[in-house]
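There are 2 protein chains.
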Amino acid sequence: MRLIVQKYGGTSVGSAERIRNVAARLIETQRSGAEVVAVISAMSGVTDQLLKLAGEVSPQPSGSEREMDALLATGEQTSIALVAMAVNALGGKAISLTGAQAGIVTDRAHTRAKISNINPKLIEELVSEGFIVVVAGFQGRTVDGETTTLGRGGSDLTAIALAGALGADACQIFTDVDGVFSCDPRVVPDATQMQEIAYDELLEMAGAGAKVMQSRAVEFAKKFGVPFEVRSSFGRKAGTVAKEETASMEDVVIRGITIERKQAKITMAGVPDAPGTASRIFSAVSAANVLVDMIVQNASDQKTTDISFTIHEGDLPQTEELLRPVAEEIGAERIATQSGVAKLSVVGIGMRSHAGVATRLFDCLGEGGVNIQLISTSEIKIAVVIEERDADRAAQLTHAAFGLAKPAL
Amino acid sequence: MRLIVQKYGGTSVGSAERIRNVAARLIETQRSGAEVVAVISAMSGVTDQLLKLAGEVSPQPSGSEREMDALLATGEQTSIALVAMAVNALGGKAISLTGAQAGIVTDRAHTRAKISNINPKLIEELVSEGFIVVVAGFQGRTVDGETTTLGRGGSDLTAIALAGALGADACQIFTDVDGVFSCDPRVVPDATQMQEIAYDELLEMAGAGAKVMQSRAVEFAKKFGVPFEVRSSFGRKAGTVAKEETASMEDVVIRGITIERKQAKITMAGVPDAPGTASRIFSAVSAANVLVDMIVQNASDQKTTDISFTIHEGDLPQTEELLRPVAEEIGAERIATQSGVAKLSVVGIGMRSHAGVATRLFDCLGEGGVNIQLISTSEIKIAVVIEERDADRAAQLTHAAFGLAKPAL
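Those sequence lines, one after another, are chains F and L.
Numbering follows our numbering, with no gaps: position 334 of the first sequence is 334.
Numbering follows our numbering, with no gaps: position 133 of the second sequence is 133.
Honestly, the hints are just simulated from the structure, not real lab data.
These figures come from a predicted structure and were not determined experimentally.
Take these hints with a grain of salt, some might be off.
[To be verified] Negatives, chain F to chain L, calculated, CB over 10 Å:
#, residue
1, M1
2, G63
3, L166
4, G167
5, Q193
6, P275
7, R280
8, A287
9, Q297
10, L323
11, A336
12, A358
[What the hints assert, rightly or not] Here are the simulated DSS-like cross-link-like pairs (lysine-lysine), alpha carbons at most 27 Å apart as the crow flies:
#, chain 1, residue 1, chain 2, residue 2
13, L, K52, F, K93
14, L, K223, L, K114
15, L, K243, F, K52
16, F, K211, F, K243
17, L, K223, F, K52
For each residue, glycine too, the CB sits at the ideal point set by N, CA and C.
Just chain F, same shape as in the assembly (with noise of 0.2 Å):
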């Protein structure tokens, strides 16, 4: 018989309502002839609340790190109980596990814990049995009986890795979007829901602002080759397949768009081209927990150097303020910021084998008067800095230039 795993998140079970939803559908799965295991995440808005007790009982938290993921875990064991208890009030069969019950095992990284190990023995009796096994995504336990939990993205781990070790036929990830889409349709609306994506892909569309699934979920999937399907828990559409890629997915040039606004641009200009001088600025910058996102470099001259980088906006003011220091020791000439910008990446396994993406992008940008400010490439993304309110004429010239609408009807 076919093994679906399928994983609803939050907002899939906010409400007793959604629950029995949640609850029907699992149903409809197992009459359609297939074992099924259920991943669910905490109801929505719970979570949060648990945070906001954390921080009452405690201002630092942070020293509490075993406590708070057993708080937290909280959240996730009761979601599994009701959606459990709906659908035997629905007249299915189903029955709880938490992620320790489920042989979830992590190291003991609280509160960040990386799956270690997964015992599916008990999980494969009771779907043989005929349960329907609704599992809490998101935590596990140490080898010591300890819970732990994933971290950001955590339930969509645990479904994959949970797909992966009872070899499932499917694993469906169930969220509020109908798929992975050539580009937002909000901005380009004639942008197309993508049959299928190569992990690298969405991993860099991830990476790039499409926030469909978190990255650490997707490398896993990509690591132990778990295909995986994102789709709508609304409707009833096939979503997007995402799996190791194929010799014919290199036939599309390019798969996605994707644009990150309100993002700044930090210029150190005239810095002595000497060795250390890139560690002394990024170290500075994330000892404040900035994160830093494309970084450029490009010699102007023989003996200095020009280093640009990105951050979000909202941390220009803190990071020029950190950087001022920074930029007198190493002999820096001058800073120049910028915010109001956005990137702009085009993605694509097709680009490895295509030749001229880049100058087609450059091209069609620059016919459109859009100026490209910074530019940083990898083997499978090209991004530009733009400023942001030319993002969106620049998302739908790039979309109709790389031939990504939908075909006419």
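The hints should help you fit chain L onto chain F, whose structure is shown.
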């Protein structure tokens, strides 16, 4: 070093501020030179919220008792993590344990499990390492690792059972009352707080309307000889110690007086005095889940008998209804009912060795013009049914007659 088990109920941990207070108290107890194990209930209101959600997803959650336990156990798991965090935030050193982690093994009777075994090894290790060990009340696990809950009063039971298994030097049950009183101080202003009470007396008082502790927890303490102190979590005053009876306890004729209001009395009159009639009546009543309190039978002639019993007033219409066909079947002459009655009980192991207690009670009520409708006695309790409007006055008269008042200053 002394080992102290402290139990805090839902009201004591009902908000972040109260959780911090409990944490401070635990640290203070440890610094006074003791090893400390805390048993914590769910924050007040949380269990009701979970039950409400369960009712919304499943009209008959009784079909999912395993899931109900998994659901309800999260309430205590949340509060122990928060208490442990709060202790850590105040500079203490705490660790939370679920019932399962604490080694509390139960039978498989979900929602009303009995503790079958406690393995206190982990707790002993942790307290000897200087941890304040914060254990989830009300829950355990089966030998197969399934989560179970202990039913009403379960957290008190956890505390007493742990105190027994650990050989604790003290077990303190913190509640919102100062201790056990000779009568309800709202009715009898000069009621005194007892320093000590025998398990049996506390059991009779609990059964008679003084809702200090659930009977199951007291019975457990009696069975395993675990003394415990009921005291307030808001003040610093000593409470009431429940323990095995001592010779000196018998010097006190009456320990306390309780009143239970909103009772109703039903009399089946002229019932043929044949084997099985009482059984027929009470099996019909209990099948409808109506709790019967006092039962009194007295034969009025050779051939027939009158059977009277008390129930909660709210159950009267339903009970009257269901008894009509039963009365016909067994050939009873008539059914008489009366609502608006109350039960007054006097409790004390001293009445075993003091003659005339009943007489003194009846005299005092008679002199006060309080009419007695039913009498029922046990070895250490005398209960009478009276008009509810006489209840307060009857309690005051009895309290004075048995010399229970506070000594004048």
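Verification of the supplied hints:
Every beta carbon of chain L lies more than 10 Å from that of M1 (chain F), the smallest distance being close to 24 Å; the non-interface claim holds. G63 (chain F), annotated as away from the interface, has a beta carbon of chain L within 10 Å; the closest lies near 5 Å. No Cβ of chain L approaches the Cβ of L166 (chain F) within 10 Å, the least distance being about 20 Å, so the stated non-interface status holds. Residue-level check passed: G167 (chain F) sits 24 Å from the nearest beta carbon of chain L, beyond 10 Å.
Residue placement check: Q193 (chain F) keeps its beta carbon more than 10 Å from all beta carbons of chain L (closest about 32 Å). The Cβ of P275 (chain F) lies farther than 10 Å from every Cβ of chain L, with a closest approach of about 43 Å, so its non-interface assignment holds. The claim that R280 (chain F) is not at the interface with chain L holds, since no C-beta of that chain comes within 10 Å of its own (minimum 36 Å). Non-interface status of A287 (chain F) relative to chain L is upheld: no Cβ of that chain comes within 10 Å, the nearest being about 25 Å off.
Every C-beta of chain L lies more than 10 Å from that of Q297 (chain F), the closest at about 44 Å, which supports listing it as non-interface. Separation of L323 (chain F) from chain L is adequate, the least Cβ-Cβ distance of about 34 Å exceeding the 10 Å criterion. Here A336 (chain F) stays apart from chain L, with its beta-carbon at least about 43 Å from theirs, past the 10 Å limit. Consistency note on A358 (chain F): stated as away from chain L, and its beta-carbon is indeed over 10 Å from all of that chain's, at 52 Å minimum.
For the suggested pair K52 (chain L) and K93 (chain F), the alpha carbons sit about 22 Å apart, so the restraint of at most 27 Å is met. Restraint check for K223 (chain L) and K114 (chain L): satisfied, since their Cα atoms lie roughly 14 Å apart, inside the 27 Å limit. Restraint check: the Cα-Cα separation between K243 (chain L) and K52 (chain F) comes to about 42 Å, which exceeds 27 Å; the hinted pair is violated. Taken as a hint, the K211 (chain F) and K243 (chain F) pair is honoured in the structure, with Cα atoms around 18 Å apart against an allowance of 27 Å.
For the suggested pair K223 (chain L) and K52 (chain F), the alpha carbons sit about 43 Å apart, so the restraint of at most 27 Å is broken.
The structure fails hints 2, 15, 17 (numbered hints given earlier, in ascending order).
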